[in-house]
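Given the sequences, and given the hints that come with them, work out the whole structure.
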Amino acid sequence: MGEAEVKPKKAGPVQCSICSQRRAALKRPKTLEQICRECFYAVFEEEIHRVVVDNQLFKPGERIAIGASGGKDSTVLAYVLSELNRRHNYGLDLFLLSVDEGITGYRDDSLETVKRNEIQYGLPLKVVSYKDLYGWTMDEIVKMIGLKNNCTFCGVFRRQALDRGAAMLKVDKLATGHNADDIAETVLLNILRGDIARLSRCTSIITGEDGPIPRCKPFKYTYEKEIVMYAYFKRLDYFSTECIYSPNAYRGFAREFIKDLERIRPRAILDIIRSGEKFRISTSAKMPEQGTCERCGYISSQKWCKACVLLEGLNRGLPKLGIGRTRGLNNGLECDTKQSNGVKNIQSKQCGTLDF
Amino acid sequence: MQLTLEFGGGLELLCESVKIHSVNVDPQVGEEKLTMKDLLSWVRANLIKERPEMFMKGDSVRPGVLVLVNDCDWELSGQLDTTLEEKDVIVFISTLHGG
Amino acid sequence: MACGAGNCQSGCFRDDDDSVVTEKKKLTNRTLSSGSDIDLPNHHNLCLKCKVNETLASSGTVSVDGDIGRFCFDCFRGNLFGKFKLAVTSNAMISPTDNVLVAFSGGPSSRVALQFVHEMQHKAQKNFDASRDRSLPVFGVGVAFVDESAVSRIPSDEFDKAIQDMKSIVSNLAPPDKAFHVVPIESVYSSNGRDRLEELLNAVKDVTGKEDLLQHLRMLSLQKNAYENGYTKLLLGSCTSRIACHVISATVKGQGYSLPADIQYVDARWEIPVVLPLRDCLAQELNMLCRLDGLKTMEVLNSPHSGINGLVASFVTLLQEENPSRECTIVRTAGKLTPFHFNQIPESDDSNVHLASRRRQKKFNLKPNESVPPESYCPICNSPLSKSDHINLSSLGSDQTNADIFGATCCPSCQFQILPKEPVSMEHFYSLLPQQFVVQAKDRSFSMQRQLREQIQDFLLSDSEDGT
Numbered sequence: 001m002g003e004a005e006v007k008p009k010k011a012g013p014v015q016c017s018i019c020s021q022r023r024a025a026l027k028r029p030k031t032l033e034q035i036c037r038e039c040f041y042a043v044f045e046e047e048i049h050r051v052v053v054d055n056q057l058f059k060p061g062e063r064i065a066i067g068a069s070g071g072k073d074s075t076v077l078a079y080v081l082s083e084l085n086r087r088h089n090y091g092l093d094l095f096l097l098s099v100d101e102g103i104t105g106y107r108d109d110s111l112e113t114v115k116r117n118e119i120q121y122g123l124p125l126k127v128v129s130y131k132d133l134y135g136w137t138m139d140e141i142v143k144m145i146g147l148k149n150n151c152t153f154c155g156v157f158r159r160q161a162l163d164r165g166a167a168m169l170k171v172d173k174l175a176t177g178h179n180a181d182d183i184a185e186t187v188l189l190n191i192l193r194g195d196i197a198r199l200s201r202c203t204s205i206i207t208g209e210d211g212p213i214p215r216c217k218p219f220k221y222t223y224e225k226e227i228v229m230y231a232y233f234k235r236l237d238y239f240s241t242e243c244i245y246s247p248n249a250y251r252g253f254a255r256e257f258i259k260d261l262e263r264i265r266p267r268a269i270l271d272i273i274r275s276g277e278k279f280r281i282s283t284s285a286k287m288p289e290q291g292t293c294e295r296c297g298y299i300s301s302q303k304w305c306k307a308c309v310l311l312e313g314l315n316r317g318l319p320k321l322g323i324g325r326t327r328g329l330n331n332g333l334e335c336d337t338k339q340s341n342g343v344k345n346i347q348s349k350q351c352g353t354l355d356f
Numbered sequence: 001m002q003l004t005l006e007f008g009g010g011l012e013l014l015c016e017s018v019k020i021h022s023v024n025v026d027p028q029v030g031e032e033k034l035t036m037k038d039l040l041s042w043v044r045a046n047l048i049k050e051r052p053e054m055f056m057k058g059d060s061v062r063p064g065v066l067v068l069v070n071d072c073d074w075e076l077s078g079q080l081d082t083t084l085e086e087k088d089v090i091v092f093i094s095t096l097h098g099g
Numbered sequence: 001m002a003c004g005a006g007n008c009q010s011g012c013f014r015d016d017d018d019s020v021v022t023e024k025k026k027l028t029n030r031t032l033s034s035g036s037d038i039d040l041p042n043h044h045n046l047c048l049k050c051k052v053n054e055t056l057a058s059s060g061t062v063s064v065d066g067d068i069g070r071f072c073f074d075c076f077r078g079n080l081f082g083k084f085k086l087a088v089t090s091n092a093m094i095s096p097t098d099n100v101l102v103a104f105s106g107g108p109s110s111r112v113a114l115q116f117v118h119e120m121q122h123k124a125q126k127n128f129d130a131s132r133d134r135s136l137p138v139f140g141v142g143v144a145f146v147d148e149s150a151v152s153r154i155p156s157d158e159f160d161k162a163i164q165d166m167k168s169i170v171s172n173l174a175p176p177d178k179a180f181h182v183v184p185i186e187s188v189y190s191s192n193g194r195d196r197l198e199e200l201l202n203a204v205k206d207v208t209g210k211e212d213l214l215q216h217l218r219m220l221s222l223q224k225n226a227y228e229n230g231y232t233k234l235l236l237g238s239c240t241s242r243i244a245c246h247v248i249s250a251t252v253k254g255q256g257y258s259l260p261a262d263i264q265y266v267d268a269r270w271e272i273p274v275v276l277p278l279r280d281c282l283a284q285e286l287n288m289l290c291r292l293d294g295l296k297t298m299e300v301l302n303s304p305h306s307g308i309n310g311l312v313a314s315f316v317t318l319l320q321e322e323n324p325s326r327e328c329t330i331v332r333t334a335g336k337l338t339p340f341h342f343n344q345i346p347e348s349d350d351s352n353v354h355l356a357s358r359r360r361q362k363k364f365n366l367k368p369n370e371s372v373p374p375e376s377y378c379p380i381c382n383s384p385l386s387k388s389d390h391i392n393l394s395s396l397g398s399d400q401t402n403a404d405i406f407g408a409t410c411c412p413s414c415q416f417q418i419l420p421k422e423p424v425s426m427e428h429f430y431s432l433l434p435q436q437f438v439v440q441a442k443d444r445s446f447s448m449q450r451q452l453r454e455q456i457q458d459f460l461l462s463d464s465e466d467g468t
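Chains as they are written, first to last, in full-length UniProt numbering: chain A, 1 to 356; chain B, 1 to 99; chain C, 1 to 468.
Quick caveat, the hints were computed from the structure, so don't treat them as lab data. This list has only true hints and no planted wrong ones.
Per label pair, the in silico range of CB-to-CB distance:
hint, chain 1, residue 1, chain 2, residue 2, range
1, C, Asp160, B, Arg51, 48 to 54 angstroms
2, B, Glu16, A, Glu46, 36 to 42 angstroms
3, A, Gln21, C, Pro423, 25 to 31 angstroms
4, C, Pro346, A, Asp54, 40 to 46 angstroms
5, A, Asp54, B, Pro52, 42 to 48 angstroms
6, A, Tyr41, B, Pro52, 32 to 38 angstroms
Chain A is faced by these chain B residues, among others (derived, beta-carbon under 7 angstroms):
hint, residue
7, Gly9
8, Pro63
9, Gly64
10, Cys72
11, Asp73
12, Glu75
13, Leu76
14, Thr95
No residue lacks a Cβ here, since even glycine has one placed at the ideal position from N, Cα and C.
Here it is, written out as structure tokens:
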């Protein structure tokens with residue numbers, strides 16, 4: 001974890017506005033302060049600590065799974081949470097939980113990163129695979145259904161796989177690496193799609209408290225830029241290749257819009273989240289009734305959960321089963337996939353990681 | 001002028017998956033100094049092998065690509081107007097890949 | 001109204017239930033007998049609605065895009081006017097005793113608004129002339145143009161010509177006659193308006209903030225004009241596309257709480273209630289109507305948006321190109337947010353209000369529990385403030401200046417993008433504000449305390465009632 005050698009720029013280095021001693025290394029998007037690396041580490045970690053404490057994300061003695069993809073967000077989350085757990089005596093048992101979708105050349109590589117994280121941070125790792133849970137790898141699914149709708153399968157399966165993995169680990173909560181940019185994007189997407197139910201809950205820092213495993217987002221107010229800067233300065237080991245089955249998935253209009261906004265007004269990202277928190281949404285708005293899937297016992301508003309419907313389709317050789325305009329789990333997602341002309345999409349991550 | 005360029009966060013995929021490039025870039029004829037603006041157009045012409053729109057937008061980097069000059073956020077050194085010097089290390093990191 | 005899906009050919013736009021059923025049967029039969037080929041000969045050249053006239057697309061006189069091209073001119077115009085009329089009647093926007101001021105910018109949306117209001121008034125006049133008892137008066141119409149030459153750089157000859165054009169548009173409308181008001185934006189000041197306005201806008205550093213402040217001043221000047229000239233409603237041409245942009249930009253500026261206040265058919269938080277009868281019409285449709293109907297517009301007066309507003313406008317345009325129903329979806333989503341108590345025409349004791357318009361009035365999406373007025377509004381943008389944004393005036397120290405107190409009563413968005421950060425510039429800015437803003441702020445800080453007292457009193461009263 002050696003830090004890169006620093007060669008100060010001759011043309012008037014900017015002083016850190018916090019310590020007034022060291023050379024500033026970045027401009028914080030949240031506050032526009034120009035601060036040095038050491039002060040950045042301190043405020044970055046302290047802010048996340050405040051979020052954890054103020055929102056009572058964890059209780060002492062809890063077992064917490066960190067959803068780990070090997071990407072920047074979850075890698076930084078694992079690092080910071082284990083650090084804060086030690087520093088502030090949270091008293092948490094932390095675990096890494098990864099999903100192996102079975103995508104050769106993508107997930108196998110990123111899983112190597114997670115396995116290194118396991119050793120680097122000393123956190124036990126649990127990997128649940130689609131193959132074990134469903135009998136199918138994504139490679140096999142794509143071989144059968146092609147590149148259309150594959151993200152629907154992957155998204156539905158991942159959501160459930162994380163819950164099942166969390167249950168196997170007997171954890172109390174699942175922490176995910178969704179950052180402020182992700183949440184701002186989700187607020188916009190839910191407006192663009194007319195999804196008022198999701199709009200009302202997408203800014204909640206803890207979700208699914210009535211479900212099997214509550215999920216929380218410690219990076220809710222953390223800018224993506226700071227996460228990447230932190231990972232870079234700390235030389236954290238993360239994986240950053242796009243999924244081979246949805247290349248260009250990150251070329252979304254909404255994400256690009258967020259980044260354009262950030263350039264002219266960095267505070268816009270937090271303002272969008274703030275708007276999302278303050279929307280006047282009538283609590284009487286109908287929420288789908290939660291039952292359990294008759295087949296696998298997973299929470300479902302229908303007779304069978306979405307994963308079982310999709311799986312049934314695969315096993316019977318009718319992969320279109322469960323794909324379409326049904327008012328189900330993934331309503332809206334499919335509509336947008338259909339409308340896209342294959343060049344650009346309104347959302348950045350089609351693969352369902354934003355599905356919260 | 002001897003410079004080290006580093007591409008990360010997935011941007012290396014745009015330059016044949018090579019992360020670190022040692023390059024020699026000189027100021028344009030008649031110009032004394034080399035700025036980030038000059039470097040970007042040089043990179044686009046010489047290093048980016050595919051999908052240049054993933055790296056640039058207009059004459060700057062695409063929003064969401066972080067730039068560090070000698071490990072310092074280029075927002076502190078004047079962004080496109082940053083003057084480069086011999087042996088400078090310039091890092092480009094995409095924040096847009098993966099999660 | 002068509003079903004919105006670009007490729008829907010099921011005929012579901014029909015009003016007549018029977019015909020929908022037959023249509024569906026026909027489709028099913030055809031599907032069964034001839035497989036996937038369900039195209040009728042000539043089907044594509046006939047208007048979707050009347051099935052008699054040629055579609056706009058096939059008549060080839062103008063290039064039309066999207067769904068519009070699938071209708072004939074009469075049905076297209078009828079549809080659009082129908083949306084306008086439904087909005088007016090179902091929200092009781094205009095009653096026979098009203099005097100309506102139409103805000104006319106010279107752009108296509110307000111041009112259509114003017115045209116439609118005029119047609120409605122014209123028809124009311126005909127009915128009046130034909131009726132025996134003449135008991136129902138005909139509502140009055142006036143037109144106001146906000147003259148922003150004090151702050152924009154439009155060549156004066158172009159500007160004068162535009163004013164002349166607008167004058168002749170208004171005077172060429174059939175009777176009843178309509179007054180045309182040119183309202184200088186600096187009229188929000190009682191004196192020295194031009195200079196103070198210029199200085200005020202110069203004190204705002206953020207380009208988006210400057211643009212939004214100008215927008216608030218525009219509303220203030222319209223309100224003032226409407227009030228002084230005895231108008232009872234202010235009618236704006238805000239269309240779906242415009243409102244969709246507002247939904248996104250308000251979200252981006254952190255105004256999620258107050259957003260539903262701005263996007264309803266009726267906004268009666270102002271002295272003169274504001275109505276938006278074109279809320280369900282797309283900019284694209286209104287532009288098309290202006291072209292087809294030969295309604296003249298004055299584009300020279302409309303400056304493009306900048307800053308955040310500009311970014312939002314191009315984002316929404318991009319989305320609309322990708323999916324022609326996107327703007328509608330955005331407005332529909334925001335429409336599901338809970339509106340405020342002032343988003344309906346206040347019940348009046350006026351017995352002149354015609355029963356027919358009452359009966360037709362549907363209270364869209366207004367929850368009965370929405371009767372408690374929010375305690376406070378931002379003195380600049382007039383947004384209702386959420387609980388957490390209310391300031392506790394007693395918590396401000398006694399050494400606070402008026403400017404400080406004013407700043408503290410503003411919403412977070414105005415504080416960020418409009419108010420100067422340094423105390424000295426803030427004092428200067430405060431001194432330049434139109435009296436209206438300052439008075440509002442003062443009124444509000446007092447009314448907050450008064451309201452609190454009233455609430456306590458109400459509580460005591462109801463308590464004693466229970467006791468007896």
